[in-house]
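S.K.: So you can see what is in the structure, the chains are spelled out below.
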Amino acid sequence: MTAPARADLAELRTDVRSFLAAELAAGGFVPRCDNWLAGWDEAFSGRLAERGWVGLTIPVEYGGRGRGAVERFVVTEELLAAGAPVAAHWIADRQIAPSLLRYGTEEQRRRYLPEIAAGRCFFGIGMSEPDSGSDLASVRTRAMRVDGGWRLEGTKVWTSGAHRAHAFFVLARSAPLDAAHRHDGLSQFLVPLDSPGVEVRPIRLLTGEAHFNQVILDGVFVPDAMVLGEVGAGWAQVTSELAFERSGPERFLSTFPLLALLTTVVGREVEDGRALGGLLARLWSLRQMSMRVAGVLAAGGDADLPAAVVKELGTRFEGEVVEVATRLLDLEPDPGANGELARMLAQATLHAPGFTIRGGTNEILRGVIARGVGLR
Amino acid sequence: MTAPDSGGGVSAEELAAVEAAVDDVLGDRSDPAGEGYDAGLWSALAGAGLTAVGLPEARAGSGGSLTAAVRIAVRAGAFAARVPLADSSLVAGWLLTAAGLDLPAGPVTTGTGSVRSDGGRIVGSLTRVPYARDADRLVVLADDGRVACLDPASCTVTPGRNLADEPRDEVAFDAPAAESGHVDPAAAQELRLRGALARSAQIAGSVSRVQQMVVTYAQQREQFGRPIGRFQAVQHHTATLVCEVAAASAAVDGATATWQAHGPTSPRTFFAVAAAKVRTAQAAGLVAAIAHQVHGAIGMTDEHPLHSWTTRLWSWRTEWGGEAIWSQHLAERATAAGREHLWALVESAS
Numbered sequence: 048m049t050a051p052a053r054a055d056l057a058e059l060r061t062d063v064r065s066f067l068a069a070e071l072a073a074g075g076f077v078p079r080c081d082n083w084l085a086g087w088d089e090a091f092s093g094r095l096a097e098r099g100w101v102g103l104t105i106p107v108e109y110g111g112r113g114r115g116a117v118e119r120f121v122v123t124e125e126l127l128a129a130g131a132p133v134a135a136h137w138i139a140d141r142q143i144a145p146s147l148l149r150y151g152t153e154e155q156r157r158r159y160l161p162e163i164a165a166g167r168c169f170f171g172i173g174m175s176e177p178d179s180g181s182d183l184a185s186v187r188t189r190a191m192r193v194d195g196g197w198r199l200e201g202t203k204v205w206t207s208g209a210h211r212a213h214a215f216f217v218l219a220r221s222a223p224l225d226a227a228h229r230h231d232g233l234s235q236f237l238v239p240l241d242s243p244g245v246e247v248r249p250i251r252l253l254t255g256e257a258h259f260n261q262v263i264l265d266g267v268f269v270p271d272a273m274v275l276g277e278v279g280a281g282w283a284q285v286t287s288e289l290a291f292e293r294s295g296p297e298r299f300l301s302t303f304p305l306l307a308l309l310t311t312v313v314g315r316e317v318e319d320g321r322a323l324g325g326l327l328a329r330l331w332s333l334r335q336m337s338m339r340v341a342g343v344l345a346a347g348g349d350a351d352l353p354a355a356v357v358k359e360l361g362t363r364f365e366g367e368v369v370e371v372a373t374r375l376l377d378l379e380p381d382p383g384a385n386g387e388l389a390r391m392l393a394q395a396t397l398h399a400p401g402f403t404i405r406g407g408t409n410e411i412l413r414g415v416i417a418r419g420v421g422l423r
Numbered sequence: 138m139t140a141p142d143s144g145g146g147v148s149a150e151e152l153a154a155v156e157a158a159v160d161d162v163l164g165d166r167s168d169p170a171g172e173g174y175d176a177g178l179w180s181a182l183a184g185a186g187l188t189a190v191g192l193p194e195a196r197a198g199s200g201g202s203l204t205a206a207v208r209i210a211v212r213a214g215a216f217a218a219r220v221p222l223a224d225s226s227l228v229a230g231w232l233l234t235a236a237g238l239d240l241p242a243g244p245v246t247t248g249t250g251s252v253r254s255d256g257g258r259i260v261g262s263l264t265r266v267p268y269a270r271d272a273d274r275l276v277v278l279a280d281d282g283r284v285a286c287l288d289p290a291s292c293t294v295t296p297g298r299n300l301a302d303e304p305r306d307e308v309a310f311d312a313p314a315a316e317s318g319h320v321d322p323a324a325a326q327e328l329r330l331r332g333a334l335a336r337s338a339q340i341a342g343s344v345s346r347v348q349q350m351v352v353t354y355a356q357q358r359e360q361f362g363r364p365i366g367r368f369q370a371v372q373h374h375t376a377t378l379v380c381e382v383a384a385a386s387a388a389v390d391g392a393t394a395t396w397q398a399h400g401p402t403s404p405r406t407f408f409a410v411a412a413a414k415v416r417t418a419q420a421a422g423l424v425a426a427i428a429h430q431v432h433g434a435i436g437m438t439d440e441h442p443l444h445s446w447t448t449r450l451w452s453w454r455t456e457w458g459g460e461a462i463w464s465q466h467l468a469e470r471a472t473a474a475g476r477e478h479l480w481a482l483v484e485s486a487s
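Here the protein sequences come in this chain order: A and E.
Under my numbering, the very last position in the first sequence is 423; numbers go up by exactly one each time.
Under my numbering, the very last position in the second sequence is 487; numbers go up by exactly one each time.
Only chain A is shown next, with the shape it has when bound in the complex:
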């Protein structure tokens, strides 16, 4: 793929900004922190899809726009910086479509990719379980061979959007655990969430919201045609996409709407200015790092280590924004406040613990980094 011209990227960026400005002016959305996880707005996703900005990288033959990762980076960072509600299509756009393109059958691609690009088909991810968090290879959901397919038995947890999505990817053990080769015997399955035997139980969080779910799989039948990729290769398939998931702008922009609002009230006093400037330097540098990783990934390179670095630094930065804002503002966070700043501070504060947990805890990431430089 040839690199897009600078002018074309600038034009795309201008288009997205104009769209967002018009949406804001028309009350099409309310900017919020962490809105890529919490802001489920199917109508908004639909309006983005009309402009071709969902499934941007999906090839034209599958209903997408056939654009590159760099263009997607531009679109997503603009949406995130604006605090737009992109949760509905987020997982499908970021992970599902690339996985289907890489591992899916022709039938699976034809069935799902055009619907994803149209902003009509939303996905979840079923990886973690009640007893399997950071140690993902310990998943106990079982896939048992039956006539014409597989029968799934187990419980998935932290599946965002499962109560509204159409389908999800399930990682399950399709062969008995071999303690010496724990990563073998895992497979990925494509499971429509309205399949018989699927029960979705929303999990209420400390924010009062319930975007995460527990998903119980009670003898769910999955036909052979809905196995993703190779039986037994689930671990390699799941981990091959981690660099994309860990290095994107959502790993440092979750609290950007708060930072932007903060500049309207602080920064003129010397001490405030130093704190604010320190955050901006971190943010600008993170963006440089994230773009660099995007460039490497677009060229087909390996970026597991720098991706882990982006997520480790970026998610800590997101939390630091909340702490600095709290230190500088004489304001009590209040989700029900009339004032936008108190409301946004409340959202960001309550969401902050998740930043360094989701998508691989920072402790796991530090382990990845230490291994990458030859320790461990």
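Hints were generated in silico from the structure; no laboratory data involved.
The structure presented is a predicted model; accordingly, all values stated were derived computationally and were not measured.
Don't take each hint at face value.
To be verified - Between beta-carbon pairs, the in silico distance windows are:
no., chain 1, residue 1, chain 2, residue 2, range
1, E, Gly164, A, Gly348, 52 to 58 Å
2, A, Glu370, E, Gly237, 47 to 53 Å
3, A, Arg418, E, Glu440, 28 to 34 Å
4, A, Glu370, E, Asp302, 34 to 40 Å
5, A, Gly348, E, Gln430, 48 to 54 Å
Backbone N, C-alpha and C fix where the C-beta goes; we use that ideal spot for every residue, glycine too.
With chain A held as given, fit chain E onto it using these hints.
M.R.: Then chain E, alone, in the frame of chain A:
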């Protein structure tokens, strides 16, 4: 968004060749344990054509891009070289050639202070000037845009030093400006940006070398019957250090690419260089602290080489402006941009 490794029309191969050449000389001859200015090292670098990269050939420079000059500064930082390589090519040499004057063979240096031109004389003082006592020429910028090239022997040089014993001298002068030229008023700001970029680059190089030292030490030093790098606490310290090193490197590359794309007077370049100086300064402190913690007491001895890098980090992070001033500049621009344009401010600085 620019490709990460392209810099002002310089190919990645050319940059790699420049880096290899400078690593050759520095690897052979750089001796951080020695004292004062290393004249032999300067001659070797000059002989290899590496002391005036990024400066016009018409003014006795070697040609090449700013990106190449920044890469050389990064490597000079990595080797803790006892020569004013970054100061001479990226900062003072630029000022000299921008005023239409020719570079001398030896190092040139400059600094900030108070300078005026008084008829045919140049009068004033500069503070904490790198290697003033050793420089071939001192380049001074007066408040009216006059640039004079002075022989340090004609100035009063009061020796000073930074934490790494690098010369940082006070210089006073009241001398005929025999050799002089003019630059436009924007040059004063570009000089500060160049100084900040030079130190950022040196920090990025220095922390990368410190990372190697920390990893090697953690692999070799054994306690409780195993290498200390096997302990998760040490691994996590090291991971934090690796993150800071990566951030410093990305900041310098990003600022350099922004400069190449938009030029020295663009507000985008100003933001990027300011952000790079703040970010590298942040990294310098954390990296030095972790490096010493991992090395334990031996790292604090004069005998162990670590201090040649950490004392430079503690000095360079405030030279040519530290976090205090550059972060305030960033905040001024952010508050001027306001909520609606903050993102565009950050995004456009690349």
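S.K.: Can you give the numbers of the hints that this structure goes against, from lowest to highest?
M.R.: 1 and 5
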